Amino acid sequence: MTTEDVLRREDAGGVRTLTLNRPKAYNSLTVELKESLLRELRQAASEDEVRALVLTGAGKAFCAGQDLKEHIGKLRAGDDSPLRTVSEHYNPIVKTIVDMPKPVIAAVNGPAAGAGAALAYAADLRIAASSANFMMAFAKVGLGPDSGASWTLQRLIGYGRALELMLLARTVESEEALRIGLVSEVVADEDLAARAHELAAGLAVGPTAAYSSIKSTMAAAARSTLDEALAAEDAGQARLGATADHAEAVAAFVDKRPPNFTGS
1 MTTEDVLRRE
11 DAGGVRTLTL
21 NRPKAYNSLT
31 VELKESLLRE
41 LRQAASEDEV
51 RALVLTGAGK
61 AFCAGQDLKE
71 HIGKLRAGDD
81 SPLRTVSEHY
91 NPIVKTIVDM
101 PKPVIAAVNG
111 PAAGAGAALA
121 YAADLRIAAS
131 SANFMMAFAK
141 VGLGPDSGAS
151 WTLQRLIGYG
161 RALELMLLAR
171 TVESEEALRI
181 GLVSEVVADE
191 DLAARAHELA
201 AGLAVGPTAA
211 YSSIKSTMAA
221 AARSTLDEAL
231 AAEDAGQARL
241 GATADHAEAV
251 AAFVDKRPPN
261 FTGS
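Residue numbers (the UniProt record's numbering): 1 to 264.
Read the hints as simulated data drawn from the structure, not as lab findings.
Since this is a predicted model, take the numbers as computed values, not measurements.
Where a beta carbon is used, it is the ideal one built from N, C-alpha and C, also for glycine.
Keep in mind that a hint or two might mislead.
[Unchecked claim] DSBU-like, lysine-lysine: derived pairs with alpha carbons at most 30 Å apart:
1. 24 - 74
2. 256 - 215
3. 95 - 256
4. 140 - 69
5. 60 - 74
6. 69 - 24
7. 95 - 69
8. 60 - 95
9. 140 - 256
10. 140 - 24
11. 60 - 24
12. 140 - 95
[Unchecked claim] Computed spacing ranges between beta-carbons, pair by pair:
13. 169 - 260: 42 to 50 Å
14. 24 - 160: 31 to 39 Å
15. 235 - 77: 47 to 55 Å
16. 252 - 164: 42 to 50 Å
17. 180 - 247: 39 to 47 Å
18. 75 - 11: 37 to 45 Å
19. 155 - 47: 42 to 50 Å
Could you build all of it, start to finish, from the sequences and the hints given here?
As structure tokens, this is what we get:
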């Protein structure tokens, strides 16, 4: 494991785990943490040996969102950089997660609020600990949504319910999150890390080129016509049909053996 002050990185079996590491501040997002996270996400996206990614938090919280102490301190000092953090930090972080050419799992180990919740919404899969909860806290501080939450949340749970959570800024506990489709699984707190790694490890040995195509094709289909979606599927299948992973999967099926995917 390599350790930084605010972000931990661990690699095991093709899975990279990034842990937000400001537990005393509920992993709230300072400039340092946002810049470290963006750098690590971009590095993970570029490394072939990283085949799946887990994002989680240290301590009792996943992420409380923006560090408001740093935020107001800078504004009071006449520093307007907090007004640029959406364009400089949050937008590229969310784009990098959504566009990651490999599966991303959010292991939500505790409360997730504001931009912290939005990080989980941007992931491909969300597993929650029993003690986890979610809050779109923007309205409580007189702000609108950022970090892609206006785009991701309604795609997960529908426009009406997403708008309700934005306007009321109420807490969604883990069981409700499971019921409304905000997360795919809820496990005991003590089982979360192992379950997230188990799921990521299974994906890491899978056909990562196909996963990348599935992600990009699904994202395109969400904002396209049927004809455009069919064309994107056609192009994707033509590309994947020529990969070594597809040939290996077919051969393994015929030979009645497990496939050995390489991502090529």
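Evaluation of the provided hints:
1. Pair hint residue 24 plus residue 74 holds up; C-alpha atoms about 21 Å apart against a cutoff of 30 Å.
2. Annotation: proposed proximity of residue 256 to residue 215 holds, straight-line Cα distance about 28 Å (limit 30 Å).
3. A threshold of 30 Å between alpha carbons decides the hint, and for residue 95 with residue 256 the separation of about 40 Å lies outside it, so the pair is violated.
4. In summary, the hint linking residue 140 to residue 69 is supported, as the alpha carbons are separated by about 15 Å, within the 30 Å threshold.
5. A threshold of 30 Å between alpha carbons decides the hint, and for residue 60 with residue 74 the separation of about 27 Å falls inside it, so the pair holds.
6. Between residue 69 and residue 24 the CA atoms are separated by roughly 13 Å; this keeps the pair inside 30 Å, and the hint holds.
7. Straight-line distance between C-alpha atoms of residue 95 and residue 69 comes to about 26 Å, which keeps the hinted pair within the 30 Å bound.
8. With a C-alpha separation of about 27 Å, the suggested pairing of residue 60 with residue 95 holds against the 30 Å cut-off.
9. Proximity of residue 140 to residue 256 is assessed by CA-CA distance (about 57 Å); at most 30 Å being required, the pair is judged violated.
10. Taken as a hint, the residue 140 and residue 24 pair is honoured in the structure, with Cα atoms around 22 Å apart against an allowance of 30 Å.
11. For the suggested pair residue 60 and residue 24, the alpha carbons sit about 9 Å apart, so the restraint of at most 30 Å is met.
12. For the suggested pair residue 140 and residue 95, the alpha carbons sit about 25 Å apart, so the restraint of at most 30 Å is met.
13. Restraint check, residue 169 to residue 260: a C-beta distance of roughly 48 Å satisfies the suggested window 42 to 50 Å.
14. Take residue 24 and residue 160: their Cβ atoms lie about 37 Å apart, and the range 31 to 39 Å holds.
15. Between residue 235 and residue 77 the beta carbon distance is about 51 Å. The supplied range of 47 to 55 Å therefore holds.
16. Taken as a hint, the range 42 to 50 Å holds for the pair residue 252 and residue 164, whose Cβ atoms sit roughly 47 Å apart.
17. Our hint of 39 to 47 Å for residue 180 and residue 247 holds, since their Cβ atoms are close to 41 Å apart.
18. Checked against the hint of 37 to 45 Å, the pair residue 75 and residue 11 passes, with Cβ atoms roughly 38 Å apart.
19. Distance hint check for residue 155 and residue 47: the Cβ-Cβ separation is about 28 Å, which falls outside the suggested range of 42 to 50 Å.
Hints 3, 9 and 19 from the earlier list are contradicted by this structure; the remaining hints agree with it.
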